[in-house]
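Protein chains in written order, with full-length UniProt numbering: chain V, 1 to 456; chain C, 1 to 456.
Be aware that one or more of the hints could be misleading.
Here are some chain V residues pointing at chain C (derived, C-beta under 10 angstroms) [to be verified]:
id, residue
1, 154
2, 168
3, 180
4, 182
5, 184
6, 190
7, 195
8, 337
9, 361
10, 363
If you are wondering where the hints come from, they were derived from the structure by calculation, not from laboratory data.
Even glycine gets a Cβ: it sits at the ideal position worked out from N, Cα and C.
Here is how the chains run, residue by residue.
Protein chains: 2
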Amino acid sequence: MSSHIKAALRQFLNADEIIESAPQWLTDQRCRYSGRADALVQPKSINAVQQLMRFCFQNKIPVTPQGGNTGLCGAAVPDGGVLLNLSKLNRIRSINLADNAITVDAGIVLQAVQQAAAAAGRLFPLSLASEGSCQIGGNIACNAGGLNVLRYGTMRDLVLGLEVVLPNGELVQHLHPLHKNTTGYDLRHLFIGSEGTLGVVTGAVLKLFALPKTVETVWVGVDSIEQAVALLTLVQGVFAERLCSFELAGRFALALSSDFSRIGKPVDASWHILLELADSMESGSLGEELAELLLAHGFGNAVAAQSETERRVLWTLRENISAAQRNLGASIKHDIAVPIARAAEFVAGCESALQTAFPGIKIVVFGHLGDGSLHYNTFLPGVSDNGVYEYEDAVNTVVYENVLACGGTVAAEHGIGMVKKQWLPSVRSAAEIALMRAVKAELDPHNIMNPGKLLP
Amino acid sequence: MSSHIKAALRQFLNADEIIESAPQWLTDQRCRYSGRADALVQPKSINAVQQLMRFCFQNKIPVTPQGGNTGLCGAAVPDGGVLLNLSKLNRIRSINLADNAITVDAGIVLQAVQQAAAAAGRLFPLSLASEGSCQIGGNIACNAGGLNVLRYGTMRDLVLGLEVVLPNGELVQHLHPLHKNTTGYDLRHLFIGSEGTLGVVTGAVLKLFALPKTVETVWVGVDSIEQAVALLTLVQGVFAERLCSFELAGRFALALSSDFSRIGKPVDASWHILLELADSMESGSLGEELAELLLAHGFGNAVAAQSETERRVLWTLRENISAAQRNLGASIKHDIAVPIARAAEFVAGCESALQTAFPGIKIVVFGHLGDGSLHYNTFLPGVSDNGVYEYEDAVNTVVYENVLACGGTVAAEHGIGMVKKQWLPSVRSAAEIALMRAVKAELDPHNIMNPGKLLP
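Okay, chain V solo, but in the shape it has when bound:
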C-alpha cells in the first residue's frame, strides 16, 4: 500500500477499515483479470465512504467499488488507487410490510436479504448462482438477473430507491418506499447498471412479494427450441405470473451435468426445459392442471417433481451445468439475450456459422429461455486454457453477429465491465454513448470512479 495515501486515509478511517492485504480482492472470480491497488479499504459507515470519496475526488485518486467480487466481466478489478470493498456495510436497515419493502446496506449478501424477507413472511425474488456471496450493491451495479426474471424482473425492477455517494462525496438519498414518483429525469435507473462508474451505491430500498405456498416443478423434453417456445407461450397464457422459471438446456449441456452430478437424465430429448410454477396461495390442483395441459398439447415427455427432494434433484441438474462444462477445458462464454420468438433462429444460425468457422467446436447452450437470455459457451478442441484467448475475438465476432442479426444483446445479465467494452458501440449508437459520456463527465469530471470499465 502506498504509504502517503495510507497516512491520509487514517485521518478519517478507523484502523480496521484499512486492510493491509487482501489478494483475493485483486483478481476476479474467473481469474481472468488481476489488478493492483494503492489502498484497500472497508468502511463501516456511510460517512466514512463520503469522506473517502471527498479525499479521492480532491486528489484525483481512482476508486473501484467492490461487493462480493463475483462478477464475470472484470468490473470490480482495480487498476491502482483505492479498492473500496463494501462488505462491512451489511445491515438490514428496516422491513416495512405495509409498503412491501426492505431497506438494506449495499454490502449485504443477497442470500441474507432473501432470508430476512422470508423471516418476515415475504419473498425477495432475485435468485442467482452466486447468491451466497454476491452483494446487493453489485446486483444493482450490474442489474443482475437470474432465475426469476420472467415473473419478477431484473434487479432494476426490484429497486424502489437508492442511496448513492457521488464521486465528490455528496450523498444522494432516496430511501422512502415510493411506488409512484415522477419528478424529473429518473436518475435511479442511471445508477442501476452503471457498474460503479458513476458513484458508490451504499443503500437501497427493495420490493418484497408474497412467499410462494405452492410450488410445482416439471422437467419437459422437447424436440426443438420452437417447441420450447410454444410450450412457454402455452404455459404463460394459462398460468400467467405463476410461471417463475423456464430454463433451457441443450442435450449436450444436460449430458455433461448428468455425468458430473451422477444423476440420470429425467427424460431423453434434444432440448430440456425445467419449468416451475409458484402460487402465493395453497393450491391442491395446480400440479394436476399443469400435467393435464402438458398432455393435452403433446408435451408428454415430462417428469414432475413429487417432493422437495425430487425438486432439488431437478434443479441440481440445471445448476450443475456451469461446473460440469469445466471438464471440457477452457471456454469462451457469452451472456446474451435475444427476442424469445427468435431464439430458435439464433441457436441454429449461430451453431452453423461457428461450425463453419471452427470445425469441431463444442457448444454448451443453457439458460433462462423464459426471459430470452442464454448462456452460450464455446469450447475449441485441443486449445489450452491460455491459448483460448487467441481465438476469443474471432469466436465473439461470429456469436455476436448472429445475436445482433436476431435483434439481441451482447450483455444480458452480467454487464459490460472490461470484457465487452469494445462491443458497446455495436448495441448503442454514437449519440447514446456520447450521452453516457456526458452523464459520466457531469458526475465524475476527474474520471475517478472505476475508470476503464463499461465505456469504450
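Could you slot chain C onto chain V? The hints should help.
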C-alpha cells in the same frame, strides 16, 4: 401560422400533415394554460418527424410534442414554435406472444392498445381515467400510473423498448423485446418521464400479461386509514399479486360521488376501500376465500359485487369522485404519494395544518392507497374560480410540507409540467438537477424540446 415556417415545413411535410387551426391543442384540458404556436403539425411517418426535428434544430425553433392533450400539469401546451401532435402515428406495429410484447406507434390511444392486447388474448394493464383519449407517447412522457400500479407497476415498468427522435433529428431505435439487456447506462428510463423535453418518443415495445379470468370486487368500510393499511397488508399477504386495485375514498369524497351518481353508499364508514382481486385462472373459490378473510379479521362492513353490473356500480362510485367534486367550485389539486405506512400520519397532519391556516377548507381525499398515491384536493369556501390561484402557493406550501415530512413526493403520476417546476428542488438535490441539466444540454443544446417544462 407564421408563413415562412409554414413554407419551410411544406418542403418535407404533406399538406395534410400541416394543420391550419386547432385551438383545442393550444389549451390544456383543465383550461389552466393557453399557449400559441407558429405551426401545428401532425406527421404521418417517423421520417417526417425526423425531418421536422432536423429543420427545427438547425433553425432553433421550439417544438412541443403532444399526444391526447389530457395532461394535468401543462406539459403539452406550446409557447411558440411548432406544436407536434402525434395523433396520426397511431398504428399497432406488431404483437408477439412468445415475448409477451406489443409494438406500437406513440400516437395510439391507450384504449386501442388495451383492445388489441385483449383481441390477442392478453392484457395491457395500464388503466386510467383518460384511457379513451390519452396516448401511449404521453403515458410514457409522464410515466402514467392509474388503477393497476399495485400489481403491474407504472408505465415505466411496462416499457421494454423505445424509439425516439432526438432533438437533432437522429433516430434512436430499441424496439426488440429484450427482457434482459444491460449495456451501459439505461437511457430508456431517462426518456420515460421526461415530459417531451429530451426528444420525441415515436414508438414503444410494451409488456403484455395474461387476461384475468376471475375477478372479485369488494367495497369495505373502515374506521381509519390505519385500518385501511392493515387491510392492505392482510390482503397482499394472502392474495399477493391477485390484488390489482386498492382504492381509497374519504367519507366526504364518497358522499359527493354518491349524490352525483345517484347511487347509494355501499356501506357507511369513515373511510372506504374498493379492492379488486384478479386471477388469470378460473377460480370458483376466490370470492369466498376473500369474504372469509375479511370476516375473520374484523372487516365485516363490506359488500361484494355479485355480478359485472354490481361491479360497474362500485367502480362508478369511485370513478365519479373527480366529476362530483366540481360542484364544490374551484379546487387546488395535488397529485402526491407517501409511503403507505405513513399515509394515516400524512392525512391527519395535513388536514389539521390546513384547517388551522384556512379555516373551513374542504378536503376531498381519494386515490390509489395500494401504491401510496393520493388525489388530495382542497376547496376554499367562498373563493371564485379565478380567485383560487391567489391561494395556490399558500395551500401548496402546507400540503407539500406535510408530504415531504412524511417522506413523500409532490408528483406521483401526473408529472411536473409547468405547474410544479418550482417544487422540483424540494425533492431533488442541486446535484441531481445539475445532472438533469447536463443530460438536457447534451441532447438538446439549443433548448428547443418543450422549453419551459419540467426543469425550474
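- Message: Hint by hint, where does the structure go against what was stated? Just the numbers, ascending.
- Response: Numbers 9 and 10, in rising order.
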